Amino acid sequence: MRPTTSCSLVVNGATHEASVDPRMLLVAFLRDVLELTGTAVGCDTSACGACTVLLDGESVKSCSLLVMQADGRKVTTIEGLAGADGPHPLQEAFHRAHALQCGYCTPGMIMAAASFLREQPDPTSEGVRRGLVGNLCRCTGYHNIVRAVLDAAPALRQQGST
Amino acid sequence: MNGMAPFAYRRVRTFAEAITALEEDPDAKVLAGGQSLVPGLKLGALHPSVVVDIGRITGHDQIERTGDHLRIGALVRHHEVATDVLVGATAPALAMAARSVGDLPVRHLGTLGGTVALAHPAADIPTMLLALGATIQCQGPGGSTRVVAAEDFFLGAFRTALGPAELVTAVQVPITGPRSATYLKYHRRAMDWALVSVAVAETPDGWHVALANAGDGILRATAVEAALRAGEAPASAAAKVGEDIDPRTDAWGTAAYRRRLTPVLVRRALEQVGEP
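In order, the protein sequences belong to chains B and U. Using the working numbering, you'd call the opening residue of the first sequence number 53 and step up by one each time. Using the working numbering, you'd call the opening residue of the second sequence number -13 and step up by one each time.
Calculated directly from the structure, the hints in this document are not laboratory data. Since the structure is predicted, the reported quantities are computational estimates derived from the model, not experimental observations. Misleading hints may appear alongside valid ones.
[Stated by the list, open to error] Here are the in silico distance ranges between beta carbons for each label pair:
{"hint": "1", "chain 1": "B", "residue 1": "65", "chain 2": "U", "residue 2": "142", "range": "43 to 51 Å"}
{"hint": "2", "chain 1": "U", "residue 1": "-9", "chain 2": "B", "residue 2": "170", "range": "31 to 39 Å"}
{"hint": "3", "chain 1": "B", "residue 1": "194", "chain 2": "U", "residue 2": "47", "range": "29 to 37 Å"}
{"hint": "4", "chain 1": "B", "residue 1": "170", "chain 2": "U", "residue 2": "0", "range": "29 to 37 Å"}
{"hint": "5", "chain 1": "U", "residue 1": "241", "chain 2": "B", "residue 2": "170", "range": "26 to 34 Å"}
{"hint": "6", "chain 1": "U", "residue 1": "215", "chain 2": "B", "residue 2": "148", "range": "54 to 62 Å"}
{"hint": "7", "chain 1": "U", "residue 1": "138", "chain 2": "B", "residue 2": "148", "range": "51 to 59 Å"}
{"hint": "8", "chain 1": "B", "residue 1": "210", "chain 2": "U", "residue 2": "-9", "range": "48 to 56 Å"}
{"hint": "9", "chain 1": "U", "residue 1": "217", "chain 2": "B", "residue 2": "171", "range": "39 to 47 Å"}
{"hint": "10", "chain 1": "U", "residue 1": "51", "chain 2": "B", "residue 2": "212", "range": "25 to 33 Å"}
Note that CB positions come from ideal geometry on N, CA and C, so glycine has one too.
Could you build all of it, start to finish, from the sequences and the hints given here?
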């Protein structure tokens, strides 16, 4: 019989308890158990960042940690980013700046940007490029992504938090 | 599942519990940040019987000044080393090295103890620690502890002085007096491991020059250090590095390329710290 262990995570504000195989990755828990498929699996080898979510407000690559590492902690996925009063400033900025084409990298890119802007609320474009090295995009050439992150920064500074 | 063989999961609350678990089962593996362990498990390269999660142990995630040293707990994340005010003030080159690890999500989870215990041949933080003359605090069976100098701790690629049931609990970095130090990492893509990297630090016993990915594991460039002690200028001292290195060919570069690259990087690093 396969070993199992129990976990309890708060995901986008809701508590979820489950009995899981210890081998289960956080991304599999989110996609397959909770059916939150906004978070994508891209490379599955920790490079592309399509799987990026927030763990207690900090970006992590959800394909690169066990769900047990998120046990007892708070996870935010792209589905949980918008507030009650509408889209998150980053979602609006990505839309305005046409910072996506196929959209596959986009949830991970936005979550990574949200975490980055929390830590560097007033970055330069060079700073944004450095801050997002963990997220790859094959479609856009990054130019509009950088613009979108810079465009969203003032609204987030005003809000004071993500 | 995910390419992994089945394993049991055990969360411990103290280093002593973790050490007991390792003693009980030689096939156990330790999980801290998991940023090397989880990818290794997914590749099917590692087959532990049990994963011992030390990530929730408290009391080992502090950065503090203890007299002449900066003491950094094993569970401090790379991101904290990279951004901590005390590190920035007393060991800024260590913050530089930490900032250059992987990417921000990796730095949010990866731990100091993890990178030190793994001793990856291209690891940024261990290379800087080697140049800074850091010491590694270890705990083993029966509550035994010992302190190992970095130059005696890092023995080669993925090889350290740690015993089978021994864990890193903290690292101490000497910080007395004005010091020049820098970390220079060369890679073609921003998230890559260093093709070669150079860490230089002025220490009480002269200049230390440490290299990543220029040999078996991270190493001190003793021929360069001797040349500096003899008063040679950066370019001349850097040219001696060929005697210290035995670079490998891999997917990111050939041995010949690394051999050409290393003296250039060493010279640049020495010029950066203003070595006369």
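Now for the hints, and whether the structure bears them out:
A C-beta distance of roughly 48 Å is found between residue 65 of chain B and residue 142 of chain U, which places it inside the suggested range of 43 to 51 Å. Here the CB-CB span from residue -9 of chain U to residue 170 of chain B is close to 38 Å, well matched to the stated 31 to 39 Å. For residue 194 of chain B paired with residue 47 of chain U, a C-beta distance near 34 Å keeps the hint of 29 to 37 Å intact. With their beta carbons about 32 Å apart, residue 170 of chain B and residue 0 of chain U fall inside the hinted range of 29 to 37 Å.
At about 42 Å, the CB distance of residue 241 of chain U to residue 170 of chain B disagrees with the hint of 26 to 34 Å. Checked against the given bound of 54 to 62 Å, the beta carbons of residue 215 of chain U and residue 148 of chain B, roughly 59 Å apart, stay inside it. Separated by about 57 Å at the C-beta atoms, residue 138 of chain U and residue 148 of chain B satisfy the suggested range of 51 to 59 Å. Checked against the given bound of 48 to 56 Å, the beta carbons of residue 210 of chain B and residue -9 of chain U, roughly 50 Å apart, stay inside it.
The hinted range of 39 to 47 Å is satisfied by residue 217 of chain U and residue 171 of chain B, whose Cβ atoms lie roughly 44 Å apart. At about 31 Å, the beta-carbon gap between residue 51 of chain U and residue 212 of chain B stays in the expected band of 25 to 33 Å.
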